[in-house]
Amino acid sequence: MIKWKSLGTLAGLVLAALALMFGTTSMAQAADEGGGDDILKIGWAQDPQTLNPFVGLDEEDFTIWAINWDLLVNFDPVDLSPSPGIAESWEVSDDKKTITFKLPEGHKWSDGEPVTSEDVKWTLENLATEGELFTSYTNNVTSIETPDPQTVVIKTKKPDARIIGGLLIYILPEHIWGKVPKDELTTTYQPSLPLVGTGPFIVTEFDRGRIIEMDRNPEFAGDKPKLDQIQFIKYGNQDAVERALQLGEIDVDPEVSAATFDNLADKPDIGVVKSPSPSFTELAFNVCPESECPDAEFNPAIQDKAVRQAIAYSVDREKINEIANRGTSFVANGLLPSYYQDFYQEPEQTYPFDPEKANQILDDAGYTREGDGIRSKDGDELSFNLYVRSESPSNIQAAKLVAEMAREVGIEFKVEVVSVDKLTELTIRQENGKPAPAFDSFIWGWGGDAYDPSFLLSLMTTGEIGGSSDAFYSNPEYDKLFEEQAGSFDTEERKDTIRQMIDLLQEDVPYLVLSEDPNLQAYRTDRLGEVDVACPEGDGDLFCEQAGYEPLLSLTTTGGSDGSSDDDGGGGSGVLIAIIAVVVIAGVAFLVIRSRRRGGEALEEDEPAEGEEPMEEPEEPEEPAEDEK
Amino acid sequence: MSARWLTGKVAAAILTLVFVVIFNFFLFRVMGDPTTQLARLPQSTPDEIEKLKADYGLDKPLLGQFADNVGDTVRGDLGISQKSRQPVVDEILDALPWTLLLVGTGTLIATLLGSWMGVIAATRRGQKTDDAMLGFSMFTYASPEYWIGIILILVFAVWIPILPSGLQVTPGVEFSSWLAEAADVAEHLILPATAMTLMLLGQYFLIMRSSMVDVLTEDFITVKRATGQRWDRVVRKHAVPNALLPLVTLSAIQFGAVVGGAITIETIFSWPGLGELTFQAINDKDFPVLQGTFLIFSFGVILANLLADILYFYLDPRVQTK
Amino acid sequence: MRESGALKLLTDTWRGRFGVAVILVAVFVSIFGTLIAPYEPEASSLDVLQPPSLDHWLGTTESGADVFSQLLVGTRVSVLVGFAAAIISAVLGSMVGIASGYFGGWTDRILDALENWFLVIPTLPLMIVLARLLDPSLIVLIAVIGFTSWAGTGRIVRAQVLTLRERSFVERARALGAGDGYIIRTHILPNTLPLIFASTVLIIAVAILSEAALAFLGLGDPTRISWGTMLQNAFDSGAPSAGAWWYVIPPGLCITLLVLAVSLLGFLYEEYINPRLRRES
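Chains as they are written, first to last, in our numbering: chain A, 315 to 943; chain B, 139 to 460; chain C, 613 to 893.
In case anyone wonders, no lab produced these hints; they're calculated from the structure. Source: prediction; values computed, not measured. The beta-carbon is built from N, C-alpha and C at its ideal position, and this holds for glycine as well. Don't take every hint at face value.
Computed Cβ-Cβ distance ranges for the label pairs, DEER-style [to be verified]: (1) Ala205(B) <-> Gly420(A): 53 to 63 Å; (2) Asp694(A) <-> Glu652(C): 39 to 49 Å; (3) Lys736(A) <-> Glu783(C): 48 to 58 Å; (4) Pro608(A) <-> Pro199(B): 31 to 41 Å.
Dumping the calculated DSS-like pairs for lysine-lysine here, alpha-carbon to alpha-carbon at most 30 Å [as the list claims (entries may be wrong)]: (5) Lys266(B) <-> Lys423(B); (6) Lys671(A) <-> Lys581(A); (7) Lys736(A) <-> Lys375(B); (8) Lys748(A) <-> Lys671(A); (9) Lys736(A) <-> Lys147(B); (10) Lys435(A) <-> Lys411(A); (11) Lys472(A) <-> Lys538(A); (12) Lys691(A) <-> Lys671(A); (13) Lys794(A) <-> Lys809(A); (14) Lys748(A) <-> Lys809(A); (15) Lys411(A) <-> Lys671(A); (16) Lys375(B) <-> Lys748(A); (17) Lys469(A) <-> Lys619(A); (18) Lys736(A) <-> Lys469(A); (19) Lys198(B) <-> Lys728(A); (20) Lys748(A) <-> Lys423(B); (21) Lys496(A) <-> Lys266(B); (22) Lys198(B) <-> Lys620(C); (23) Lys496(A) <-> Lys375(B); (24) Lys619(A) <-> Lys496(A); (25) Lys728(A) <-> Lys472(A); (26) Lys633(A) <-> Lys671(A); (27) Lys469(A) <-> Lys493(A); (28) Lys619(A) <-> Lys540(A).
Every beta carbon over 12 Å from chain C, so not counted as near; a handful from chain B, in silico [as the list claims (entries may be wrong)]: (29) Leu155; (30) Thr261; (31) Ile288; (32) Ile291; (33) Leu292; (34) Gly413; (35) Asp424; (36) Leu433; (37) Gly438; (38) Tyr452.
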């Protein structure tokens, strides 16, 4: 049978062990600070599930890849334009269908092997065909030739500017990845560590679900980074990340939520960065023409251009940004975010908030208000469903605001909150082998590539119907212009073509882009030195997330103050432990003395300190044991 | 007789487990459409889906899939995570020790503290101490454990930031010795284990209290008291050992609740155990992982019940003589 | 004394008074909450995560909505899910319990095994799995919680029916040629109802906690505010790290009070139908 005495002894042992442990905690931390390594700690809610780009799908995966590896052509940290990566220079043939890349001599992988054209060829032929996220980039490529180890010649069916400015395929070392069977690459393969690469830091430890450590690449071709190591620490939820930042446990929070952005900005020793990104949130309309989607289900009134234009005028995008996005986003004007500096122009038609105009357009188009205030024409009521994903509270709010505003001009939106699966199902629905989208409108978002706008622009091409297109827009003129810009290597010429495309979209309004969504980051001002946001310069983020690594080369953590914040924590809990220990010992002593004096009646006395202070709990059971003697 | 009883119990436990495996399979295959679950990219082409189906053996007939599934489960192969593409077993084994540490610590402290409080309260029935303890226990019993956890975070990690409130160990630190590392883990364990303790405390206290009350009114206690033995000695030597018995059963029944608590508590404290794994799988719709954690949770609870039965059998003289 | 006992327990003990008061308030608020709420519960504003003030008695949420209004409106889901799921569970539990106890034989063996199984399986993981497979909605939540929590009732009912079946009035009815349906309706059911009721009251508490836990894990009805979704939103939006106690504490406290009230009444009722328990406390 269990005896109180043994329980007491056990509790005593636990107490002793705990005391010993806490006593040594500060020592551990002291030893830890002694090394003087310059370590950057980045905390995030989710971590990559894999380092294998053949199977990785998540944003976090890209963050690591972009530091570990280079692209054939990197993004310039100043303006994201093409700059030397694996290739140091390139030449476009006169017919623009052959591009010759030159690789620098003496460039080495982190394991000392030379970087050669074979690496490029292997990667483009394999990752670009098997990697789930990389397949569309080489659609136009007909051949990849490697006349010598320093030369890669890529031939394409038609001119394709993306081969230079948007070939988002990380070049992998063929001498490692080429040896792995293909069916393993696309399923369970995990590369061994250190993860051989060409970037400034390479992954040396990957403890999935916990931590990723990236150490300096000894063979890195550029300037030697000041940091010794970067750690990515997974916390599982955003609240824990933000607590860790406030406690100084991490230096950078790369994905601050809009709700707490201002709050964090007000905290001492914390700086925040808001940078534009190639992503946006749109209100999409089902404009699928009869020929493409004979079985689509929607209220035909949504296909009336006048109605969509009136909706565009009736929606106050500034207000949506203010409320749904806490003012952290940028008001969008058209499909292309202003992030694309080289190609963006404010369109002529921007649909400023103007309910009067909206009313007038609807009046002119013959939609008259009925008793309930909703307009209709020939029995077609301007009443639409508006789907929105349950995951996104800000999208839900935006949807409600849209409904509220449109109501003012006599258009009804019925907001339907659904799971992402349900919304996907509605948009990719097919009947008899043809797309049959079943919605009037929805709110969702897209993210584009770092420099080249082709991906976002492609969303409105007829060719993407049945693919990525979810507004099912089809306009031969737009398609023609799309091909033209995609094949243009002249930035100015391309910018002009894109302007014409955006003007077409602004006229037809398949999407009403509501906001450009920024990257929100926060960091410890008492820890980071040489903070120099880039991508683009002066306006970008702390480490060119997913577009490069340039700022990481100069960034430092101010070694000295590292310890102090830790010390505060350790010292604080040490003091707490001491206080509690004193309280517990005093309490036990008191009870022992008292029970000796009063003998058997001790148990009748009123309550001892109970349950209030959780830290005391382990020690409590000692009391009866002492009593025993 | 005793051997037969034991065999019966073990057989029943195994049968329950077999049911879990069957249920698990059909639930996930029949209720959910595995193809839409597999296609994580919204625009997966039919080819990609076919490939995925083949990868996961979904192109076979249902019964064949079931046979595969059972065989794999028995061999300890719980499939491959859709998210990480790693064996689910590895993920579970990685997380299991942390859950055991948290659950073990919480249960141990809750048992000790709860039964101690129960004894105190029962011997002072109707007094202030009893009322206060009863009120406190009822409150913790009725409140959601993750809410208590969030309040602990608010108090000890935000207002008075003295305790770590996330992860199991200070990240990225090279420890000078295992002792230093253990100390660091212990420090991180304080808040989640406290939340776990507070969740379980009420039940243990209430059971111990009512069991003590029962025992204290029994004749043999009155007799002992009448013979002039010291009251606190009677309580310790005779009443407590007898009252402890129901606690054993409770520990097993509680295990189901413990598992539920582990999911929410680990989530808020970023404790990298099975609960957190489950939470991530919910968010990622990673059904193989969800299936795996459900299996391991069920297995744990069934095992705990079996152990409690056996323990009860050896502890309680009345069961043995029957 | 026995006749007025039930009422007396409710009005004369502080537990009874507390339980009744809280439940009355909760039911009232769940019906009229939308009318009393000072603000549209999901109306966002620019006052994000503001502490309590005269305008917002319990401060504002991460989207600038009024916490107090959300609390009032959120009562409905908790009460609705609690009661509806408990009723499903009571119906399922008593049906299985009666069938298994009354008919015996193979029916009993199979149903008893089923019951055992549901008793052993950890409920929250089971609910999670079911809720994740189905698209979360109020109906799904009620069904999932009801479906996973009936086994305890079934067990109690079965035991009671087993003893009732051997009682003389049942045997007499059977001897007189009464059908099974008739016996169940007139003899078995009336004598098991108090037990069913007692265990159902306690299941309400479990159901309220389960709804909150599922909602906290992101498996609640996305279109409705409940106390659980409030806690989820608070946690997801970083309210704890921002020190926003006014957003975190009230929903949990409401859950606790309602669960406490229901449990106290449940215990009181158990004491009432089983007076042996009464002397214990």
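These are the hints, each one checked on the structure:
Between Ala205(B) and Gly420(A) the beta carbon distance is about 58 Å. The supplied range of 53 to 63 Å therefore holds. Asp694(A) and Glu652(C) have their C-beta atoms about 30 Å apart, which leaves the hinted 39 to 49 Å range violated. Between Lys736(A) and Glu783(C) the C-beta distance comes to about 57 Å, which sits within the given range of 48 to 58 Å. Between Pro608(A) and Pro199(B) the Cβ separation comes to about 35 Å, which falls inside the hinted range of 31 to 41 Å.
For a cut-off of 30 Å, the pair hint linking Lys266(B) to Lys423(B) is broken: about 50 Å separates their Cα positions. Distance restraint check for Lys671(A) and Lys581(A): the Cα-Cα separation of roughly 44 Å exceeds the 30 Å cut-off, and the hinted pair is therefore not satisfied. With a C-alpha separation of about 64 Å, the suggested pairing of Lys736(A) with Lys375(B) is violated against the 30 Å cut-off. Of the pairs offered as hints, the one joining Lys748(A) and Lys671(A) is violated, with about 37 Å between alpha carbons and a cut-off of 30 Å exceeded.
As the CA atoms of Lys736(A) and Lys147(B) are separated by approximately 45 Å, the hinted pair breaks the 30 Å bound. A C-alpha spacing of about 17 Å is found between Lys435(A) and Lys411(A), which places the hinted pair at or below 30 Å, so the restraint holds. Using a Cα cut-off of 30 Å, the hinted pair Lys472(A) and Lys538(A) is violated, with the two alpha carbons roughly 40 Å apart. For the proposed pair Lys691(A) and Lys671(A), the alpha carbon gap of about 18 Å is at most 30 Å, so the pair holds.
For the suggested pair Lys794(A) and Lys809(A), the alpha carbons sit about 15 Å apart, so the restraint of at most 30 Å is met. The suggested pairing of Lys748(A) with Lys809(A) is violated, with an alpha-carbon distance near 34 Å, which exceeds 30 Å. Note on Lys411(A) and Lys671(A): the hinted pairing is violated, with a Cα-Cα distance of about 48 Å set against a maximum of 30 Å. In summary, the hint linking Lys375(B) to Lys748(A) is not supported, as the alpha carbons are separated by about 81 Å, beyond the 30 Å threshold.
Proximity of Lys469(A) to Lys619(A) is assessed by CA-CA distance (about 41 Å); at most 30 Å being required, the pair is judged violated. A C-alpha spacing of about 41 Å is found between Lys736(A) and Lys469(A), which places the hinted pair above 30 Å, so the restraint is violated. Proposed proximity of Lys198(B) and Lys728(A) is contradicted: the alpha carbons are some 43 Å apart, above 30 Å. For the given pair, Lys748(A) sits about 28 Å from Lys423(B) by alpha-carbon distance, which is consistent with the 30 Å threshold.
For the suggested pair Lys496(A) and Lys266(B), the alpha carbons sit about 73 Å apart, so the restraint of at most 30 Å is broken. About 65 Å separates the Cα atoms of Lys198(B) and Lys620(C), which puts this hinted pair outside 30 Å; it is violated. The straight-line distance between the Cα atoms of Lys496(A) and Lys375(B) is roughly 70 Å, outside the 30 Å bound, and the hint therefore fails. For the given pair, Lys619(A) sits about 49 Å from Lys496(A) by alpha-carbon distance, which is inconsistent with the 30 Å threshold.
As the CA atoms of Lys728(A) and Lys472(A) are separated by approximately 45 Å, the hinted pair breaks the 30 Å bound. A distance of roughly 18 Å separates the Cα atoms of Lys633(A) and Lys671(A); the hinted pair therefore holds under the 30 Å criterion. Distance check on the hinted pair: Lys469(A) and Lys493(A) sit about 26 Å apart at the alpha-carbon level, within 30 Å; holds. Under the criterion of a C-alpha separation no larger than 30 Å, the hint pairing Lys619(A) with Lys540(A) is inconsistent with the structure, at around 56 Å.
Annotated as non-interface, Leu155(B) brings its C-beta within 12 Å of a C-beta of chain C; the closest such distance is 9 Å. Distance to chain C confirms Thr261(B) as a non-interface residue, since its nearest Cβ pair spans about 14 Å, more than 12 Å. The claim that Ile288(B) is not at the interface with chain C is violated, since a C-beta of that chain comes within 12 Å of its own (minimum 5 Å). Once the 12 Å rule is applied to beta carbons, Ile291(B) is inconsistent with being away from chain C; the minimum gap is 5 Å.
Separation of Leu292(B) from chain C is inadequate, the least Cβ-Cβ distance of about 6 Å not exceeding the 12 Å criterion. For Gly413(B), the non-interface assignment is contradicted: its Cβ lies about 9 Å from the closest Cβ of chain C, within the 12 Å cut-off. In this structure Asp424(B) is not separated from chain C by more than 12 Å, as the shortest Cβ-Cβ distance comes to only about 10 Å. Distance check on Leu433(B): its Cβ comes as close as 9 Å (rounded) to a Cβ of chain C, failing to clear the 12 Å threshold; non-interface status is violated.
In this structure Gly438(B) is not separated from chain C by more than 12 Å, as the shortest Cβ-Cβ distance comes to only about 8 Å. The beta carbon of Tyr452(B) sits about 21 Å from the closest Cβ of chain C, which is more than 12 Å, so the claim that it is off the interface holds.
Consistency with the previously given hints fails for numbers 2, 5, 6, 7, 8, 9, 11, 14, 15, 16, 17, 18, 19, 21, 22, 23, 24, 25, 28, 29, 31, 32, 33, 34, 35, 36 and 37, ordered from lowest to highest.
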